[in-house]
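A.B. asks: Assemble the whole structure, with the sequences as input and the hints as a guide.
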Amino acid sequence: MTLRYEAFRRENRAGTVVIQPPAGLWSLDLPEVWRYRELLYVLVMRELKVRYKQAAIGALWALVQPVVAVAIFAVIFGYFAKMPSAGVPYVVFAFAAVLPWTYFAEALRRSSTGLIGDAELIRKIYFPRLLTPLALVIAPLAEFAAGFCVLLALLAWFHLAPGPGVILLPLFLLVAMLLALSLALWLAPISVRYRDVGHALPFLIQVWLYASPVAYPESLVPQRWRALYDLNPMVGVISGFRWALLGSGRPDLQAMGVSGAVIAVLLVGGVVFFRKMERSFADVI
Amino acid sequence: MPTSSEGRGDLAICAEGLGKAYVKAAGGARGDTLRDGLSAALAKLGRAEPRAARSRFWALQDASFQIRHGENVGVLGLNGAGKSTLLKLLSRVTAPTTGRATINGRLGSLLEVGTGFHGELTGRENIFLYGSILGMRWAEVARKLDEIVAFAGVEEFVDTPVKRYSSGMYVRLAFSVAAHLDPDVLLLDEVLSVGDLPFQRKCMAFAKDLQNRHATILFVSHNMFSIKTMCERVLYLKKGRIVFDGPTNAGIELYEADGQLEAAGWAAPELVDPSVRILDVEIADQTRCPRSVFDHGERLRLRFDYEAKAPIRGANFVVVFIRSDEVACCCYSTELDGLSLDLEPGVNRLELGTPPLALVADVYRIEILVREAGFQKLLCAQSGGSFHVRDPLLDTHFGVFHEPGTWATNEVVHLARPKIQSRGAEL
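As they're listed, the protein sequences go chains A and B. Each residue of the first sequence is one higher than the last, beginning at 1 in my numbering. Each residue of the second sequence is one higher than the last, beginning at 1001 in my numbering.
Hints in this document: simulated from the structure, not taken from any laboratory. Just to be clear, a hint being listed does not mean it is correct.
Listed below are the simulated DSS-like cross-link pairs for lysine-lysine, each with C-alpha atoms no more than 25 Å apart in a straight line [stated by the list, open to error]: (1) 1163(B) x 53(A); (2) 1163(B) x 49(A); (3) 1238(B) x 1228(B); (4) 1202(B) x 1144(B); (5) 1202(B) x 1163(B); (6) 1202(B) x 1228(B); (7) 1144(B) x 1208(B); (8) 1163(B) x 1144(B); (9) 49(A) x 1144(B).
C.D. replies: Structural data, given as structure tokens:
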């Protein structure tokens, strides 16, 4: 009786695992990542819980970064430099951009360097390593949500109402998320081998900030540079946010198309690269 | 159950020519920064260095074996023999360089207890975290939560961050989660040697229970005692190759023969400059006839050849018998026995005769230490061979040693009468 139950149980559970040397570029086994979806959820929750544990003001810290950034921009660009802000108060104008930007920068930074934090785990236990960067681009969404509430309050304060374009907001956010993920899939395996990534990334992010229309409207960019400027997918994301929330300008569909193609290529290549490299993470981390 | 592939379906683990090579960068530097990597890559472009020229180190080579469902197999080997590499390959932590292995059934691995834990999270949160990492379903963890907590004995602290746990509680909770994974194939790496004694017993009982439920266990340990109690078969690894695959006792004998005169691992930090070296140990009986199995109550005669590198005044030789579960049972010391040794440089011999052995039946490892007078500075610490004590009855259940006592039965003591008090009154 017991034996029959055992056989039944065994048949109905994880079947055969084959262990062999890494073969070919295309042995991606993405369904495996899906089977581990619950672990993804747990890793996201861990990231959120751990980040603000034992901090007196806890999750309020999530708001400090965007609020301080907006305050600095408002004083320097809005008050001193009298930066044009598309007919809305500069504070709102900046906040609508700082929000997706902060999300993107955090997601990119954490997911590109997060594997090192899980080094102990990676050396000892198997799980699809893809989950770590994946969890780390998802977790900052919570902080984004908190900031979004502040933004809504700000809009109400200035008696501004977002237009119907607001339903496209998740799409722009998704673009920012996929961009961060696609880059992290390239950077994370390199960071496992070379810690240089962790040092170089803050500079890259800072340069990128000024190459994106966060503190200024993209109309300030000279026309002859526009083609090059539009290659930056964050231009599309940020102008999309401003358009959806403030009704200023309109999304440049051509630029969005170009960024979409760039991200798709980076993402597919990144998944292949990551799945190939992850087999050796435990040896080099 | 499909019967067409009965022969193969019966196997829990099937490894064919499994191997793992690590690349050793030329010149010893392991290029850890991007600059090193880039300059190495450029240098390679320039000189077109052939791949084979990079020196490779085979941590495991050509490992082939088959383990049936329900079998418990111990893995033996000295440090660096490839035991951990084997488990890492089977648990998929790292990918093999050559060969192939298939594992049928749910795989659980306990390569190090508690690595999935996060100090800031509470016990409950960590149970879910660690459980998911080990491959348990969310609902399954939730269902077994109470059981896990009770097994670990941390009921009162489930909602306390684990960084506030004692190390014992930490380890118990981690093992408890892993134990409730309920795997078909379990890989265990030295984990049963953690925690206090009652908990170790619990772990052993748990492993036994898994055995009864027909699970397959692959078990790495330096503890011959647990290997013997748990496994009927062992793989013995030596320098990355499986040199023996068969019955436990034969494997342990081979392992112990190879393990003679190894430097004692624990002494490494203390032993800065080993100025005495043990060259040979001979275990013999009273008639100086070499033997390795003794009956309870027999005398042992140990002979050491040692080499001193410098003259040492008042050296103290200490011989320790260590049982297979790492309990140091007794020791003999030249200093305690009133012998003061002045060592001259060169090779010398020392003999120790023991009293009749009171030790219970088990395997004992011999450790030889040389210290300066007054149990000061350590000059030498080596493991030197082992011997068995045989007895039909007396085993570890009877304690560490057994000696006859003297008993008396002619005086009857009545506990009910307070005799002491009346004596006090007389005073």
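A.B. asks: Each hint needs a verdict: does it hold in this structure or not?
C.D. replies: The hints, checked one at a time:
no., hint, verdict
1, 1163(B) x 53(A), "12 Å, holds"
2, 1163(B) x 49(A), "15 Å, holds"
3, 1238(B) x 1228(B), "19 Å, holds"
4, 1202(B) x 1144(B), "18 Å, holds"
5, 1202(B) x 1163(B), "24 Å, holds"
6, 1202(B) x 1228(B), "17 Å, holds"
7, 1144(B) x 1208(B), "20 Å, holds"
8, 1163(B) x 1144(B), "23 Å, holds"
9, 49(A) x 1144(B), "23 Å, holds"
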